[in-house]
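Q: Protein sequence lines correspond, in order, to chains A and B. The first sequence: position 16 = 15 (numbering that gives the first Met the number 0), numbered continuously. The second sequence: position 193 = 192 (numbering that gives the first Met the number 0), numbered continuously.
Quick caveat, the hints were computed from the structure, so don't treat them as lab data. Note that beta-carbon positions come from the ideal geometry of N, C-alpha and C, so glycine has one too. Hints are not guaranteed to be accurate.
[Said to hold, decoys possible] So these bits of chain B aren't anywhere near chain A, every CB distance computed over 12 Å: (1) G13; (2) S47; (3) F65; (4) E87; (5) I92; (6) L108; (7) S124; (8) A134; (9) S173; (10) L231; (11) L239; (12) S241; (13) F243; (14) N256.
[Said to hold, decoys possible] A short, non-exhaustive set of chain A residues, derived as facing chain B with CB atoms under 7 Å: (15) A39; (16) R40; (17) T45; (18) S47; (19) P48; (20) P84; (21) A138; (22) L148; (23) P151; (24) R161; (25) L165; (26) D238.
Here is what each chain is made of, one letter per residue.
There are 2 protein chains.
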Amino acid sequence: MAPSRGPIGIFDSGVGGLTVVRRLLELCPGHPMVYFGDTARVPYGTKSPETIQRYAVENTEFLLQFEPSLIVVACNSVSALALDPVRETAGQIPVFGVIEPGAELAASLTKNKRVGVIGTSATVSSGAYDRAILARDPAIHVYSKACPLFVPFAEEGLFDHRATELIAKEYLHSLLVHDIDTLVLGCTHYPLLKEVIQKTVGHKVTIVDSGQAVAAQIHRHFGDSPSQDAVLPDIYVSDLPSRFQRTAELFLGMQLNEPKKASVSSEAVGDKKQKRS
Amino acid sequence: MAPSRGPIGIFDSGVGGLTVVRRLLELCPGHPMVYFGDTARVPYGTKSPETIQRYAVENTEFLLQFEPSLIVVACNSVSALALDPVRETAGQIPVFGVIEPGAELAASLTKNKRVGVIGTSATVSSGAYDRAILARDPAIHVYSKACPLFVPFAEEGLFDHRATELIAKEYLHSLLVHDIDTLVLGCTHYPLLKEVIQKTVGHKVTIVDSGQAVAAQIHRHFGDSPSQDAVLPDIYVSDLPSRFQRTAELFLGMQLNEPKKASVSSEAVGDKKQKRS
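Here chain A stands alone, though its shape is the one from the complex (with noise of 0.2 Å):
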């Protein structure tokens, strides 16, 4: 198979990308996937930047043996963190990760100038969007808040539990001061929230899908018609602990291919090399 009839690589800690897979399967049904999920490692976004770029090109060397046409960073963090060392892992393959796309499409859609930014520590902490936003324009003022407990709350799908209410209002709290008019979900995980999130900032702030941004980007790049039949992805995990399934079909938003498990420690990643060689 040539590189560039291969499938869409996608990789995340965990989880999360999954609801990246699902706006793919929206807009470029017909192309073959390949998703891998760090389960094994997961969550990324409480780490070093250093531990993130390690297992970042970890996952990206696992993808390349299924000579991908192009890989998705579907994870806030790694591509806030680790873009580069990604992009020197994968070649010539062409890297999309989700802070540009979400930045350039919140940057077109403020009216009033003033964008908030919400996602894991690790994102935050990183400035990557707030880069990102003020290079399309410098006039914008970028506010970003970190929520920890997104993450857990997603994954145990408290989607409209009364808790993650009263911790959406304490996180978002700090952003509506500014009076921002749209707010970017930094974190792939975030969308399962939408809801409750959409609620706490009110109807005049627009949200900003990450996920769903780099999606269309991927869609212009390939520029066919979303006419085809979905071809479901081939899903592999680093863990597979008994609740992955349900957590999985959550964020993928239908039924999903068994997982299949692989391995990405470092022992690993060097046998793959050493039979590359």
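With the hints as your guide, set chain B onto chain A.
A: Okay, now just chain B, sitting in the frame of chain A:
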């Protein structure tokens, strides 16, 4: 240094085990300690038994280089699922898990023979507490409940937040209907939420902290007096995110020696084995 005079070696998936160190500092203050927190791969409690076992063996290998006098598995998920692999790896060195001491204390304290156990999904699914309590008294009824959001709540410092109260009420209701008089905190994160848990279950329910129970057992093992000056533990972690120090001090209840970063990846363990042989 002869093995019997070596430090107490303690490991956990992350910072949770520092609540056990805190108890050891109270009961065995004169003993040097080496703590390893696997912060690059935390949390374990949502992962599969197979992955938890692999990580536990790597962590044990790491501690062995300090020639510890004994090893404390300060993690309920590992104690529940991987104590045998840890013991095989540790050879002649005594290994203390947190399940047995917690189960023993609970079995001795319950009057109405109705005991509740809370922990991570991995610990609760394993049924390890049920087996350990029933082995001591087959007449006891054990009711258990996974409380996955308690770990992020504890790590975010939401000890008395309304959201924590709401979630606690929901989790613990299913135990209270069984009229338990004893509740085991089967996760080393949970002592930080003891107040909200006690408030939710009421003061007729006795709370058993499994970390405190293992510290008492180790104190009996050494048989020495607690009148010595406390020696602060040496702390090693597999990742050092920016907020580590703050969170760790929350769990330890005091300032800690500067943590050192250490690698326990499969590759590093391989290297160490080579050096040892």
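Q: What are the numbers of the hints the structure violates, in ascending order?
A: Those not satisfied are hints 1, 2, 7, 11, 12, 13, 19, 20 and 21.
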